[in-house]
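*Asks:* Sequence:
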Amino acid sequence: MRMDTLLAQVGNRKDPVTGAISFPIHHSTTFAHPSLGQSTGFDYTRTLNPTRKVLEEAIAELEGGCRGFAFASGMAAVSCVFTLFRPGDHLIVSNDLYGGTYRLLEQVFRSYGLEATYIDTSDLNAVEASLLPSTKAVFVETPTNPTMKITDLQELCRFAKRHNILSIVDNTFMTPYLQRPLDWGADLVVHSATKYLGGHNDVLAGLVVARDPELAERLYFLQNSIGAVLGPQDCWLLLRGIKTLALRMERHQENAWRVAQWLSQHPLVEKVYYPGLETHPGYDVQKKQSKGFGGMLSFDVVDERLVEHILSAVRLVTFAESLGGVESLITYPARQTHFDIPEEIRNSLGVTNRLLRFSVGIEHHEDIISDLDHALTVSGSVLERS
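Note that the sequence shown covers residues 1 to 386 in my numbering.
Any given hint might turn out to be false.
Derived pair list, reagent style DSSO-like, types lysine-lysine, alpha-carbon separation capped at 30 Å [to be verified]: (1) 287 <-> 271; (2) 288 <-> 136; (3) 271 <-> 243; (4) 243 <-> 288; (5) 53 <-> 243; (6) 53 <-> 291; (7) 271 <-> 288; (8) 271 <-> 161; (9) 243 <-> 287; (10) 161 <-> 136; (11) 271 <-> 291; (12) 271 <-> 14; (13) 161 <-> 243; (14) 161 <-> 14; (15) 291 <-> 243.
These are calculated hints, taken from the structure and not from any lab test.
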């Protein structure tokens, strides 16, 4: 079946007892044993829960993996993946990535002996040059957050296989509807499911999908041992959100393309970062490995003094963190999502005080553009008077 159909059918025909179309929420923390030495397959909800099982099976199928795992947040999912490694292990990591992942590596896992080198993973020569004898994995976002750099997944995964290291891809921005990294050879896919998969800014969740059964068993041991699993109520919310993913992603990216085109022509905007623009350096690679360009974009304004006024002047668009919900959100990475990255590193990566990140919602594109036009016009007028 096609992806649209798989998404709409998530959770259906999974409850043979009642035939429930919407899979039930199993709040029970423990389950009765039929007799000594026997189990229904469910013993304790941290180890396995019926609602979580349906969600985990769904994301595994959608990403084309052998097994999925649901966590209490995206950072819990990433943390579990990082616990696969040992003191002295080295990771190659996208240098332009979510600030929370950088904080986790630098302020938590580095103290346990895990080393990381941050490079532009869209440059395969730089990836190759950063390889050490202790390198155990490459961890990439593509597109990156927030400057939307594109990594060639096919070439990256070939590199990883050639050197017998793991390839891990954060697929939050694209979702399996638009991009399936496992199809290009990746070993693990991670998601902040809070974002597009949930889609409604009402559930905090993380997901991991493994390609290989042996690696999946290691992850399951860690998931069960650490215990940062997703609760059944949130699993149900996520299942409900996933059902409409195809429709939402089509609208998100249609709107994002229109907004990116409009911003590209505005005199107060210096640069637009959106892989759907033919001028984007990763356009051809993204077109090859994905069936779309997503709903995320960023843009530089010509003067950082404009930022505060823009954020105050928007009326439809909301100044808030996070992304991927049906509502349009605008964020200031230098002060919010990427604040934990030192300023000199942020500036070198293009995450400057003039950069705004925009999660384009599913509202009518003309209303979104009208709101941005109003905010930029007001901001420009204020700047002229100052």
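*Asks:* Each hint should be assessed against the structure and marked as holding or not.
*Replies:* How the hints compare with the structure:
Restraint check for residue 287 and residue 271: the C-alpha separation of about 21 Å stays at or below 30 Å, so the hint holds. Taken as a hint, the residue 288 and residue 136 pair is honoured in the structure, with Cα atoms around 27 Å apart against an allowance of 30 Å. For the hint linking residue 271 to residue 243, the alpha-carbon distance of about 35 Å lies beyond 30 Å, and the restraint is violated. Between residue 243 and residue 288, the direct Cα distance comes to roughly 26 Å. Compliance with the 30 Å bound is thereby established for this hinted pair.
For the proposed pair residue 53 and residue 243, the alpha carbon gap of about 16 Å is at most 30 Å, so the pair holds. Proximity of residue 53 to residue 291 is assessed by CA-CA distance (about 28 Å); at most 30 Å being required, the pair is judged to hold. At roughly 24 Å between alpha-carbon atoms, residue 271 and residue 288 fall within 30 Å of each other, so this suggested pair holds. As the CA atoms of residue 271 and residue 161 are separated by approximately 36 Å, the hinted pair breaks the 30 Å bound.
With a C-alpha separation of about 25 Å, the suggested pairing of residue 243 with residue 287 holds against the 30 Å cut-off. Of the pairs offered as hints, the one joining residue 161 and residue 136 holds, with about 11 Å between alpha carbons and a cut-off of 30 Å not exceeded. Between the alpha carbons of residue 271 and residue 291 the distance comes to roughly 24 Å, so the proposed pair stays at or under 30 Å and holds. Note on residue 271 and residue 14: the hinted pairing is violated, with a Cα-Cα distance of about 48 Å set against a maximum of 30 Å.
Taking the CA atoms of residue 161 and residue 243, the gap is near 34 Å; set against the 30 Å cutoff, the hint is violated. This hinted pair does not check out: residue 161 and residue 14 have alpha carbons roughly 36 Å apart, beyond 30 Å. For the proposed pair residue 291 and residue 243, the alpha carbon gap of about 19 Å is at most 30 Å, so the pair holds.
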